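Participant: Sequence:
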Amino acid sequence: MKSMIKKLTAKREASVALITVLAALITGLFQPKFFSISNLRSLAIGLSTDGILAIALTIVLVLGGIELSVGSVMALSCVLVGWTFLITDNILFGIIASLTVGIGIGLFNGLMISKLDLPPFIVTLGMQSLAKGAAYIFTEGSPLSMGGLPQWFRTLGRGSVFNIPIIFIIFIVLAVIFDLLMKNITTFRMIFYVGSNENAAKLSGINVSEVKIGVYMLSALLATLTGILSLSRFNVATPTLGTMAETRAISAAVIGGTSMAGGVGTVVGTVLGVVLLNIINNALVMLNVSVYWQDFVTGAILILAVTLDYVSHRKK
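Quick note: the sequence shown uses my numbering, first residue 20, plus one each step.
Treat the hints with care, since some could be wrong.
Pairs of lysine-lysine, DSBU-like flavour, derived with a Cα cap of 30 Å [claimed, not checked]:
{"id": "1", "residue 1": "K134", "residue 2": "K30"}
{"id": "2", "residue 1": "K202", "residue 2": "K30"}
{"id": "3", "residue 1": "K221", "residue 2": "K202"}
So the derived label-pair ranges between C-beta atoms look like this [unchecked claim]:
{"id": "4", "residue 1": "I204", "residue 2": "L175", "range": "45 to 53 Å"}
{"id": "5", "residue 1": "F112", "residue 2": "N307", "range": "42 to 50 Å"}
{"id": "6", "residue 1": "G178", "residue 2": "V310", "range": "22 to 30 Å"}
{"id": "7", "residue 1": "F112", "residue 2": "S55", "range": "37 to 45 Å"}
{"id": "8", "residue 1": "F181", "residue 2": "G160", "range": "17 to 25 Å"}
{"id": "9", "residue 1": "G224", "residue 2": "L48", "range": "51 to 59 Å"}
Honestly, the hints are just simulated from the structure, not real lab data.
Predicted model, so just to flag it, every value in this text is computed and none were measured.
Ideal Cβ positions, reconstructed from N, Cα and C, are used throughout, including at glycine.
Using the sequences provided together with the hints, build the complete structure.
Facilitator: Below, the structure written as structure tokens:
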């Protein structure tokens, strides 16, 4: 029995799952409303966009890179869909324009990093400012209120199936798909090889540049999707959307076992990390802790997770 418990806790996902369950039980003990249907539904909706961004960051971190622009791309996507809809009265035009710009941003990031060999930190930090600035330009700094959005579009962010939010279902479906892809598809396994040892990957015949470009395009595409879903949920296109989203996504990925050094990570672990972070934030709100503590706690958790990751890899 002891050996079985030891094997389970040796897996990062099992440890995070155990901590998540304990956090939920402790919160429920002090605040019984935590397990109410309305609160669990609110929690599921709230963590969905963070979860999609965290999947994107997991793939980038496994590559051995970093992506600091996903929150700004999310904001630009939301604004671009709303702005285009107000002009054309056609939400599909807005979605197509947003996806095109998002993929273009990912392509630009990938080319700058892979072809010019620029540091991912600098490239994506610059893109963070560019995308956020563009969102402010489109809105002139003021949120765009979106009246008359099609019912099918609003249903994506606000609708439910058997009382399960559709936006949460989309997140879970994406998590399952990318978990399977990362574990079973050769193209995605190349990301692990590049992240583990880029030189060895080149010598084995892997086109490292193509892998990097593909990863950053995929990351931007997922960030764009979160922006579209956020507009569907809130019916407001605001340039401030996605603030601190990168921090939350990186925190969730690292807590779930994704290494900042590259080559290691699972989508399942990241999903558990997202759930844990959102339970903690939800608990702070329900226990009447000031909202200003939420970012502080998220930052502290990120520093702790990165430190543990660094120490464990140094030992190995």
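Participant: Could one say that the CB atoms of I204 and L175 fall in the range 45 to 53 Å?
Facilitator: 27 Å, violated
Participant: Please check whether F112 and N307 have a Cβ separation lying inside 42 to 50 Å.
Facilitator: 44 Å, holds
Participant: With 51 to 59 Å as the target window, see if G224 and L48 comply at their CB atoms.
Facilitator: 55 Å, holds
Participant: Given the range 37 to 45 Å, decide if the beta-carbon distance of F112 to S55 lies inside it.
Facilitator: 40 Å, holds
Participant: Using the C-beta atoms of F181 and G160, is the stated range 17 to 25 Å upheld?
Facilitator: 41 Å, violated
Participant: Just to be sure I understand the hint, the distance between the Cβ atoms of G178 and V310 should be within 22 to 30 Å; is that true here?
Facilitator: 28 Å, holds
Participant: Given the hint that K202 pairs with K30, does the C-alpha gap stay at or below 30 Å?
Facilitator: Judged against 30 Å, a Cα distance of about 16 Å means the pair holds.
Participant: CA of K134 to CA of K30, is that 30 Å or under?
Facilitator: Since the Cα atoms of K134 and K30 sit roughly 37 Å apart, the hinted pair is violated (cutoff 30 Å).
Participant: Tell me if the straight-line CA distance from K221 to K202 falls inside 30 Å.
Facilitator: 21 Å, holds
Checked against the numbered hints above, the structure violates hints 1, 4 and 8; every other hint is satisfied.
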